[in-house]
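A.B. asks: From just these sequences and the hints, can you work out the full model?
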Amino acid sequence: KTITIFSNKGWVGKTFVSVNLAAALSLQGKRVLLLDLDFQAGHDMARMLNLVPRYALVNLLQQLEKNSDAQEIKKFVISHSSGIDFLPAVINVRQAGHITPDNIRFFFQKAAMVYDFIIIDAGQTFSETLIAALDCSQTIFLVLTPDVLAVYQVKGCLELLQNLHFPLKMVRLVLNRAESRGSVAWQAVRDTLGCEIFAQIPSEGYAVGLALNRGTPCVIDNPKSKVSEAFFRMAQDILKRGDLFLQATDIAKVRTTDGLQKPSSFWEKFGIAATAPGSVGEYAREEDEVVSLKRRVHEKLVARLHVEDLSPQILSDPQKAQELKLSAQKIVANLLIEEKGAMISSHKERSR
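Counting from 1, position 316 in the sequence shown corresponds to residue 321 in the working numbering; the numbering is continuous, with no gaps.
Watch out, some of these pointers could steer you wrong.
[Claimed, not checked] Label-pair distances were calculated between CB atoms; the ranges are:
hint: 1; residue 1: V119; residue 2: Q324; range: 45 to 55 Å
hint: 2; residue 1: R301; residue 2: Q327; range: 21 to 31 Å
hint: 3; residue 1: E234; residue 2: L329; range: 42 to 52 Å
hint: 4; residue 1: K299; residue 2: G88; range: 38 to 48 Å
To be clear, the hints were calculated from the coordinates, so they are not data collected in a lab. Note that CB positions come from ideal geometry on N, CA and C, so glycine has one too.
C.D. replies: In structure tokens, the structure reads:
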């Protein structure tokens, strides 16, 4: 099971949540790999665990090109006393360019053979590497604090994820420093974002501060604290809930790219920039499975959009036409889950 922990808002405790959730799962006897995919964090996670890794994911990827045995991963990770295997993405930021969507997908395939859980701290920036990690994940935890700024930044993040064709069913919220003094009530957070709050981590500054300063996960440093108890409950819920993880389904595809220029912008590449080109190429052929899926999705899309009630003038109004397109994209993303009972793992296939 691969869990990506993400937030487009800084200073909400994303790394703290990643470390303690990984430790709580490991203490339940699970084989856990903790991957620091935050290139800009300056090794915060290693310091939080009081570890000094010799190798990074970038070194492992080079080795996997020579020897694809999944057990090679064990030679590059550094083990923590809690039982976690830890792996930073890079030792220095100059190495980040050597991690690509293709080689990181291959890594996740191999890591899934060795570990029960892969916990990814994905940073706070949308990138091709993040999209590849999300493609390989079965669930996404968005971390936020109960303040107005964080709530509305995460609301924008949810919209972006849906525009990138990740269904809302795949996303859960983790409310850190919940019910702290002057905070927004968790019910208001849930109603504003329209997304399940999977866990609430209470505000307990003294216990958290001591654990951070000692370089030890809070669930180990002070297992009886309210914060630790919240992480243990979160780990138990993850182990119990069968509906939490979406299974990835690969659909074979062939796409013609002759004569197409590669978009220079990340957002244009994923088709959600205002200046993005309208055409992204034609497919040479379509598998029967895809054709059948598209037909079923199309029929339900027409029904849910109540097309019979739409006037022709809507399509002649650029603003209304764009709103209709965005609505359709979100509906289709969720219909794919309903129809397949699974997550289509390729972004290109979801866009198609």
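A.B. asks: Has the hinted range 42 to 52 Å been met by the Cβ atoms of E234 and L329?
C.D. replies: holds (47 Å)
A.B. asks: For the hint 45 to 55 Å, verify it against the beta carbon of V119 and that of Q324.
C.D. replies: Check passed, 50 Å falls within 45 to 55 Å.
A.B. asks: Indicate whether the distance between the beta carbons of K299 and G88 respects the range 38 to 48 Å.
C.D. replies: Taking Cβ atoms as reference, K299 and G88 lie about 45 Å apart, which means the hint holds.
A.B. asks: That 21 to 31 Å hint for R301 and Q327 (C-beta), does it hold up?
C.D. replies: This hint holds: roughly 26 Å between Cβ atoms.
The structure fails none of the hints (numbered hints given earlier).
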